[in-house]
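Number of protein chains: 2
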Amino acid sequence: MKQAIVARRDLGMSPGKLAAQVAHASLSAVEKADAEARRAWKQGGQKKVVLRSPDERTLFELKVIAEDAGLPVAIIRDAGHTQLEPGTVTALAVGPAGDEAVDAVTGDLKLY
Amino acid sequence: MKQAIVARRDLGMSPGKLAAQVAHASLSAVEKADAEARRAWKQGGQKKVVLRSPDERTLFELKVIAEDAGLPVAIIRDAGHTQLEPGTVTALAVGPAGDEAVDAVTGDLKLY
Chain A
987 MKQAIVARRD LGMSPGKLAA QVAHASLSAV EKADAEARRA WKQGGQKKVV LRSPDERTLF
1047 ELKVIAEDAG LPVAIIRDAG HTQLEPGTVT ALAVGPAGDE AVDAVTGDLK LY
Chain B
987 MKQAIVARRD LGMSPGKLAA QVAHASLSAV EKADAEARRA WKQGGQKKVV LRSPDERTLF
1047 ELKVIAEDAG LPVAIIRDAG HTQLEPGTVT ALAVGPAGDE AVDAVTGDLK LY
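From first to last, the protein sequence lines stand for chains A and B.
Going from the first sequence to my numbering is simple: count from 1 and add 986.
Going from the second sequence to my numbering is simple: count from 1 and add 986.
These aren't lab readings, by the way, just hints derived from the structure by calculation.
Please note that a few of the clues may not be correct.
When chains are identical, the list treats them as one kind, so a pair holds in a single copy or across two.
Computed cross-link-like contacts, DSS-like style, restricted to lysine-lysine with a CA-CA straight-line distance of at most 25 Å [as the list claims (entries may be wrong)]: (1) Lys1096 <-> Lys1033; (2) Lys1028 <-> Lys1096; (3) Lys1096 <-> Lys1049; (4) Lys1049 <-> Lys1018; (5) Lys1018 <-> Lys1033; (6) Lys1049 <-> Lys1033; (7) Lys1018 <-> Lys1028; (8) Lys1049 <-> Lys1028.
Given the sequences, and given the hints that come with them, work out the whole structure.
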């Protein structure tokens, strides 16, 4: 079981800002997963990978693919209090789900 | 309501590694919060700040202070599959809790 969080590389987010957006996406997708997937993922140590997206469009394309595959998905818009314009889409989380199911969506992306 | 996640700056973590550790700490502390605190925090937009710690010792000092104050706390040790030695302490999450209660623990730290 794993979760992939894909974050935009083109926004110039600071490491702290990036981390907050990734955490937000992660938690939101975990809440959409069913209880059994959550439990299995936690027992395996909450495996996470943080991957890079070149732009907003890629996030939405991956979101559709993940949803079509029936995976838990969350896309995050920043409230815009700092650094970014309000409503800026920053990150997408896919899973927790089986490694192969997640890799089928995000396996071509590089580590952030 | 807010949550503060304090991460070590001295480990040279990549942005993606940092983000994964922060997400892990965030989720773990959220699970320790009571249902009402969780709900109030989510309704307020999951406010998070990511702060820097110069070293491991500071994380443990803050952990004790936060626990004494009765706040939800989680400290994260990396599994060590990549970049870090297994068991390396990387991050501490405090809250969700009231802004003042969190600031009383982490208010002196800088944004990561």
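**Prompt:** How do Lys1018 and Lys1033 come out at 25 Å by Cα distance, when the copy is not named: within, between, both, or neither?
**Reply:** Intra 17 Å, inter 19 Å, cutoff 25 Å: intra and inter.
**Message:** Treating 25 Å as the Cα threshold, decide for Lys1049 and Lys1033: within, between, both or neither.
**Reply:** So Lys1049 and Lys1033 pass the 25 Å test inside a copy (20 Å) and across (24 Å) alike.
**Asked** Given identical chains, is Lys1096 near Lys1049, meaning Cα to Cα at most 25 Å, within a copy, between copies, both, or neither?
**Response** within (17 Å within a copy, 34 Å between copies)
**Asked** With identical chains treated as interchangeable, where does the CA-CA distance between Lys1049 and Lys1028 reach 25 Å or less: within a copy, between copies, both, or neither?
**Response** both (23 Å within a copy, 22 Å between copies)
**Asked** When no copy is specified for Lys1028 and Lys1096, does a C-alpha distance of 25 Å or less occur within a copy, between copies, both, or neither?
**Response** within (24 Å within a copy, 30 Å between copies)
**Asked** Can you tell me if Lys1049 and Lys1018 fall within 25 Å by alpha carbon in one copy, between copies, both or neither?
**Response** within (14 Å within a copy, 30 Å between copies)
**Prompt:** Checking Lys1018 and Lys1028: alpha-carbon separation at most 25 Å within a copy, between copies, both or neither?
**Reply:** Both ways: Lys1018 and Lys1028 sit 15 Å apart in one copy and 14 Å across, limit 25 Å.
**Request:** With 25 Å as the alpha-carbon cut-off, assign the pair Lys1096 and Lys1033 to within, between, both or neither.
**Result:** Cα proximity of Lys1096 and Lys1033: one copy only (16 Å, versus 28 Å across).
Of the numbered hints given earlier, the model fails none.
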